[in-house]
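Asker: Protein chains in written order, with my numbering: chain A, 1 to 398; chain B, 399 to 580.
Any given hint might turn out to be false.
[Unchecked claim] Result set (EDC-like, lysine to aspartate or glutamate): computed pairs, CA atoms no more than 20 Å apart in a straight line:
hint, chain 1, residue 1, chain 2, residue 2
1, A, LYS243, B, ASP419
2, A, LYS390, B, ASP448
3, A, LYS243, B, GLU568
4, A, LYS390, A, ASP248
5, A, LYS317, B, GLU574
6, A, LYS251, B, ASP416
7, A, LYS133, A, GLU235
8, B, LYS546, B, ASP416
9, B, LYS557, B, ASP446
10, B, LYS546, B, GLU506
11, A, LYS243, B, GLU445
12, A, LYS390, B, ASP419
13, A, LYS133, A, GLU117
14, A, LYS243, B, GLU449
Hints were generated in silico from the structure; no laboratory data involved. These numbers were taken from a predicted model, which means no experiment stands behind them.
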Amino acid sequence: MITANSYSLSTEADATLARLQTRSLVVGIVGLVACAAGLVLSPDHFFRGWLVGFVFWFCMTLGSTALLMVQYLTGGAWGMVIRRPLEASSRTMLLMAVLFIPILFALPTLFEWARPEAAYDAVIQAKTLYLNKTFFTIRQFVYFGIWLVMVYLLNKWSLREDADRNIYYAKWLQRISGPGLVLYALTLTLCTTDWVMSLDAHWFSTVFAFMMLSGQGLSTLSLMTAMVILLAHTEPMRSVLTKRHTHDLGKLMLTFVMLWAYLNFSQLVIIWAGNLPEEITWYTRRMNNGWQWVGLALLMFHFVVPFLLLLSQELKKRPKLLTFVALWIIAIRLVDVFWLIEPNFDQDQLRMHWMDLAAPIGIGGVWMALFLWNLRRHPLMPVNAPDLQKALNHGRHH
Amino acid sequence: MTSVELKPPIYGILAEFDNSDDLVEACKQARAAGYRKMDAYSPIPVEDLDEVLHLHDNRVALFTLLGGLFGCFGGFGLMSWCSAIAYPLNIGGRPLISVPMLIPITFETTILCAGLTAAISMIVLNGLPQPYHPVFNVPRFAAASSNKFFLCIESEDPKFHRHDTARFLESLNPDEVAEVAH
Chain A
1 MITANSYSLS TEADATLARL QTRSLVVGIV GLVACAAGLV LSPDHFFRGW
51 LVGFVFWFCM TLGSTALLMV QYLTGGAWGM VIRRPLEASS RTMLLMAVLF
101 IPILFALPTL FEWARPEAAY DAVIQAKTLY LNKTFFTIRQ FVYFGIWLVM
151 VYLLNKWSLR EDADRNIYYA KWLQRISGPG LVLYALTLTL CTTDWVMSLD
201 AHWFSTVFAF MMLSGQGLST LSLMTAMVIL LAHTEPMRSV LTKRHTHDLG
251 KLMLTFVMLW AYLNFSQLVI IWAGNLPEEI TWYTRRMNNG WQWVGLALLM
301 FHFVVPFLLL LSQELKKRPK LLTFVALWII AIRLVDVFWL IEPNFDQDQL
351 RMHWMDLAAP IGIGGVWMAL FLWNLRRHPL MPVNAPDLQK ALNHGRHH
Chain B
399 MTSVELKPPI YGILAEFDNS DDLVEACKQA RAAGYRKMDA YSPIPVEDLD
449 EVLHLHDNRV ALFTLLGGLF GCFGGFGLMS WCSAIAYPLN IGGRPLISVP
499 MLIPITFETT ILCAGLTAAI SMIVLNGLPQ PYHPVFNVPR FAAASSNKFF
549 LCIESEDPKF HRHDTARFLE SLNPDEVAEV AH
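Based on the sequences and whatever the hints tell you, model everything.
Answerer: Right, dumping it as structure tokens:
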């Protein structure tokens, strides 16, 4: 019989995670100290960097919540092996809510619609019903409220299922996942509009939030894949993870790489074909003054290279190579977030401030430390999940 | 030597199995016993069968890649030639080779050519259409299209022995073992 103990972290696995957690925390604290220095020395750049770092790591938090719900709806062995890491990652939502607070105090620094000059801008004036400081702040409370309730329920029922073997928890988890994903799509659209698209309040694109969705899926899957492969060096993951599992995760990464490219290209081709003055600003800014090299780098290293690598079945079945691709994608995701946010500020030429690295590193260190701490607190597999045995047999012969 | 045997008297020996797991297991054992010239027949795609039988013929993949590259460069080249050389036309001040607008068609021609080469090379390399195959001589082989799984060890295999091979196949718990006439 399977007991919770069979999937508890072995002392070796726990030691690996604890070591990583301490290192992350140290890196995070050093990064945050640098951020504090940045806040004093150059507040404008601090807040820009902070927004980049926040959006980048938030992709992991909300992406994990969404993928949790996806795997409850679709089932599948891939979801079972990363379910506990996804839960641990979704439980960083409260941390993200706290880390968002500084942005609320810097609205005029970041957003052109929050500055006094906006009163003389006819286009922005027409949008003030939505883009005003009070409504913006209220919206943030609503988003985080919805997300925190989602994260709370998804985690509570899953962990309850471990304790007593009531099959109703699985049903409840499945039932909230459908409406939960609808809420996810709506809140994601709104929060992406608020945090990133409204940096340029004149411009609009209906596919923009979906681009962020593909990025969230990609960031999350890459981190989870790297995580389970790391865990597979030790028990209990060593006897759980098969080649078939990593193959499936690799296939999903490939899908999200293609989705990301498809959505980015859709936006480009529609704006290119229309060639309208109010739409092309986003690209004219990003195709000149050095920014075009960032765009070209994204095309090559966010799409072409990972796409070609992930096409290989051999690579997806080799844990080391797959980890390399996953870490590669996580790194290039940061460049993508940088490219979405920064050209709105430094329009004349490509510039990088040291805060653009310090903030993502600071936030990331703390995020990773909390994620690992969450991960160490519960068994690595949902022991009473109805499909657990089927998921474990994925790719094994009897 | 007075008599030269041009052909072995039979094509091979066919074993029938009830399910795909038994078939995969049988193939593994036959490999382990040293048999190389053999083939498996199944009504459904069986995962791992290609690995167990060491079927590493990836020519279809190579042809598909070449077809795709031809479609990619051919499509893009044709459109570029049309809009920049044969009939240059300034459309809203865009460059004559307006790359983003050419990508969807380039994508389509890539998929078209890759798909066609994949289908055609698969059919040709499989030797299809093939109206006759010796295994059809075993009446029960018709079940390979519905619910039975077959392993045929062919007589061209250097280790093949009419009686030993039959005995070996019987040891794998098949439903039936039958000789296959040419």
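Asker: None of the hints should be skipped; say for each whether it holds.
Answerer: Results of checking the hints against the structure:
{"no.": "1", "hint": "LYS243/A to ASP419/B", "result": "19 Å, holds"}
{"no.": "2", "hint": "LYS390/A to ASP448/B", "result": "23 Å, violated"}
{"no.": "3", "hint": "LYS243/A to GLU568/B", "result": "33 Å, violated"}
{"no.": "4", "hint": "LYS390/A to ASP248/A", "result": "15 Å, holds"}
{"no.": "5", "hint": "LYS317/A to GLU574/B", "result": "37 Å, violated"}
{"no.": "6", "hint": "LYS251/A to ASP416/B", "result": "32 Å, violated"}
{"no.": "7", "hint": "LYS133/A to GLU235/A", "result": "51 Å, violated"}
{"no.": "8", "hint": "LYS546/B to ASP416/B", "result": "6 Å, holds"}
{"no.": "9", "hint": "LYS557/B to ASP446/B", "result": "24 Å, violated"}
{"no.": "10", "hint": "LYS546/B to GLU506/B", "result": "40 Å, violated"}
{"no.": "11", "hint": "LYS243/A to GLU445/B", "result": "14 Å, holds"}
{"no.": "12", "hint": "LYS390/A to ASP419/B", "result": "17 Å, holds"}
{"no.": "13", "hint": "LYS133/A to GLU117/A", "result": "14 Å, holds"}
{"no.": "14", "hint": "LYS243/A to GLU449/B", "result": "14 Å, holds"}
Hints 2, 3, 5, 6, 7, 9, 10, counting from the list given before, are not met by this structure.
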